[in-house]
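Student: Just so you know, the sequences run in chain order A and B. For the first sequence, the working numbering gives the first residue as 1, with consecutive numbering after it. For the second sequence, the working numbering gives the first residue as 1, with consecutive numbering after it.
For the record, the hints were derived by calculation from the structure and aren't laboratory data. From a predicted model like this one, the values you see are computed outputs, not experimental measurements. Please note that a few of the clues may not be correct.
As a list, the in silico DSS-like pairs of lysine-lysine whose alpha-carbon atoms are at most 27 Å apart [said to hold, decoys possible]: (1) Lys3/B x Lys242/A; (2) Lys59/B x Lys248/A; (3) Lys250/A x Lys73/B; (4) Lys248/A x Lys103/B; (5) Lys242/A x Lys232/A.
Far from chain A, some chain B residues (derived; all Cβ distances over 12 Å) [to be verified]: (6) Pro50; (7) Ala70; (8) Pro77; (9) Arg115; (10) Ile119.
Backbone N, C-alpha and C fix where the C-beta goes; we use that ideal spot for every residue, glycine too.
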Amino acid sequence: MSSKIQKQKKIFTLLNSKFSSLAEESASHVSQILEDEPENSLKNSQYRLIDKVYNFYKSIIQNINGGLITLDLEGEITFVNRIAAQKLGYLINELLGKNISDLFGEDDDSQKILRMLFVPGKRIDEKEVSFLQKDGGRIIVGLTTSPIHDEDNQFDGIVLLFRDVTEVSHLKLQIERMERLALLGELSAGIAHEIRNPLAGIKAAAQVLEETFAEEDKRVQIVERIVREVDKANRLLTEFFKFARPTKPKLNFYDLDMIIDGVYLLLAPKMLKRNIEFSTGFGKGVPRAYIDETQLEQVFINIFLNAIDSMPKGGSLKIVTSAKKFHVLDNEKEKLAVNNNELNYALVEISDTGIGISRDNLEKIFNPFFTSKAEGLGLGLSICSRLIEENGGKIDVVSEEGKGTTFILALPAFIHK
Amino acid sequence: MSKVKRLLIVDDEETLTFSLYQTFINAPMECEVLTAASGLEAVSKVEEKPFDVVITDIKMPGLDGLDLVAMIKAHNPNTRVIVMTAYGSDEREEQAYQRGAEKYIEKPFDIHEIRDLVIKMIS
Numbered sequence: 001m002s003s004k005i006q007k008q009k010k011i012f013t014l015l016n017s018k019f020s021s022l023a024e025e026s027a028s029h030v031s032q033i034l035e036d037e038p039e040n041s042l043k044n045s046q047y048r049l050i051d052k053v054y055n056f057y058k059s060i061i062q063n064i065n066g067g068l069i070t071l072d073l074e075g076e077i078t079f080v081n082r083i084a085a086q087k088l089g090y091l092i093n094e095l096l097g098k099n100i101s102d103l104f105g106e107d108d109d110s111q112k113i114l115r116m117l118f119v120p121g122k123r124i125d126e127k128e129v130s131f132l133q134k135d136g137g138r139i140i141v142g143l144t145t146s147p148i149h150d151e152d153n154q155f156d157g158i159v160l161l162f163r164d165v166t167e168v169s170h171l172k173l174q175i176e177r178m179e180r181l182a183l184l185g186e187l188s189a190g191i192a193h194e195i196r197n198p199l200a201g202i203k204a205a206a207q208v209l210e211e212t213f214a215e216e217d218k219r220v221q222i223v224e225r226i227v228r229e230v231d232k233a234n235r236l237l238t239e240f241f242k243f244a245r246p247t248k249p250k251l252n253f254y255d256l257d258m259i260i261d262g263v264y265l266l267l268a269p270k271m272l273k274r275n276i277e278f279s280t281g282f283g284k285g286v287p288r289a290y291i292d293e294t295q296l297e298q299v300f301i302n303i304f305l306n307a308i309d310s311m312p313k314g315g316s317l318k319i320v321t322s323a324k325k326f327h328v329l330d331n332e333k334e335k336l337a338v339n340n341n342e343l344n345y346a347l348v349e350i351s352d353t354g355i356g357i358s359r360d361n362l363e364k365i366f367n368p369f370f371t372s373k374a375e376g377l378g379l380g381l382s383i384c385s386r387l388i389e390e391n392g393g394k395i396d397v398v399s400e401e402g403k404g405t406t407f408i409l410a411l412p413a414f415i416h417k
Numbered sequence: 001m002s003k004v005k006r007l008l009i010v011d012d013e014e015t016l017t018f019s020l021y022q023t024f025i026n027a028p029m030e031c032e033v034l035t036a037a038s039g040l041e042a043v044s045k046v047e048e049k050p051f052d053v054v055i056t057d058i059k060m061p062g063l064d065g066l067d068l069v070a071m072i073k074a075h076n077p078n079t080r081v082i083v084m085t086a087y088g089s090d091e092r093e094e095q096a097y098q099r100g101a102e103k104y105i106e107k108p109f110d111i112h113e114i115r116d117l118v119i120k121m122i123s
C-alpha cells in the first residue's frame, strides 16, 4: 500500500471514529455562534447548511431499520450505527476498533462468508450468517455488503448492512420440521403396510408350523425365536409410528398433580428397587393444563424411566410445578384464540441426580433413533418432544455431567386450536 | 343335521391367508374355509353363498376391506366380520365398527387368539 493511501486511510479512520463527537460539537458551536454573533450572517448560513446536511445523513444512518457497520481492509470496525450496536448488545464505542472476525459465528456458513468479505469486487447479497452478541448469545442476520473506494478508486473498506432475521430463521426451521414430519407421517403409513403385512405372514406361518411339532421337539424353540423377533420388529415400528404419526390429542383440562401421582404409583416399585427417593413440590395456584391425559402420562413415564436409568446407584427424582404467564403480541391473539395479552402455562420441572448428559449429546437427545443406552431404540424423548408439541406445549432440558438433568415442560393452561 | 358353517378369509398377503387357512381347517370346528385374494373375489364368493364369519384385511387393491364389510353386511346382516389391519388408527377402527365389523385387530397378531375368537363366533 502506498504511503499516500496509508495516510489517507489513517485520516479516514480518525475522521470516522471522531465524526459523531465532532459533529455534535460543531452543531452546538453553530447554535452558539448564532446566539453570540447574529451579524455574521454569511457564516451562519454556511454553518446552517452543513448542519442540515449532517443531520440529514446522521438521521438516515442512525434510524434505518438495520445494522450498519463499516470496516477497513484489516477487518477493523470503523463505524457502527445505533441499531447494529443494539442488536449485538454492545455500546458503539466498544465496537469501534474491534475486528469483525470476533463477531462472526463459528459455524461453517458464517466463516465462509467472513472469508468472502475481503475478496475485491465480491459483494454479499442477503446471505444468512450468525453474529455473536456481547453476552455470548447469537443472532441470525441477513447480510449485504458493498465495497468502499477511495478517491483513486482503490478498494479501501467494506460497508456491512444487516437485519435481524433470527425469528424468521427459527420459524423457517420450524416449518421445515413440520413439513418433514408431515412427510414422515405419510411415509410411515406406507411403510406400515409394507412391513407389517409380511410380519403378520411370518408370525402366523411360524405359529402354524409350531403346532405341527411335538412339545418336546427342540425345533419349537427355533420357531419361538422367530415369533419373538417378529414381535420385536413390530414393537420398533409401533414406537416409530408414535413419533412419526402421533394420534390427535384429545384435549381437556387436567390436574397435573393427579397425572404425576398416577405415573409415580406405576413406577414406584422400580424406584424403590433402585433406591430412588421421589419427591414433589406442587405449587399453589398452578392452573389445570389443557392437554391429552394419556399422551402426557406417556411423556412422564418416558422421562421418569430415563431418570431411573440415569441413577443406577440410587438418587433423587424431584417434580416441581408452577404457574407461568407468557406475553402475547396483539397480532398473535387471533392465531392463539385468546382474548387477552397473557397466556397461562403450567410449568413442570423434573430433576434427577443422575449421571447427566454431555454437552454434545444434549443437542441430539430429541432426535429420533439417538440413544446412549445399549438396549434403547432412541425414540423415547423424540416421542416426548413430538407429543408435547402436538399438545401445544414446549419441552426443554438442562443437564450437567455427574450432577443430574432437569426437564422443563411448559404446558398450555388455555384452550388452543 | 345342522348346516355346515362357512368362513371366508380375505387378504392379498398370500402367506397370511395360507397360514390362517391351515389354522382353521385344523381347528376343532365343523367349518368350510374359503379364501379370497381381493375384495372383488370376496364379493363374488359372498354373493354365491353367504358366510357365517368373514375375516378381511382393509388395504387391498381394488375394493378395500371397509367397503367390503359394508357390502357383506348389506348382503347378509348375520355375517360376523373381523377386520385386520397393518396400520391401525382410531378413525379406521371407528369406520370399521360403523360399517358393521365386530372386531378390529392389528397385524401382526397371535394366531391362537384369532382362532379362539372365530371358534366362539362359529359355535
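Student: Determine for every hint whether it applies to the structure shown.
Tutor: Okay, the hints, checked on the actual structure:
{"no.": "1", "hint": "Lys3/B x Lys242/A", "result": "46 Å, violated"}
{"no.": "2", "hint": "Lys59/B x Lys248/A", "result": "22 Å, holds"}
{"no.": "3", "hint": "Lys250/A x Lys73/B", "result": "31 Å, violated"}
{"no.": "4", "hint": "Lys248/A x Lys103/B", "result": "23 Å, holds"}
{"no.": "5", "hint": "Lys242/A x Lys232/A", "result": "16 Å, holds"}
{"no.": "6", "hint": "Pro50", "result": "26 Å, holds"}
{"no.": "7", "hint": "Ala70", "result": "21 Å, holds"}
{"no.": "8", "hint": "Pro77", "result": "29 Å, holds"}
{"no.": "9", "hint": "Arg115", "result": "9 Å, violated"}
{"no.": "10", "hint": "Ile119", "result": "15 Å, holds"}
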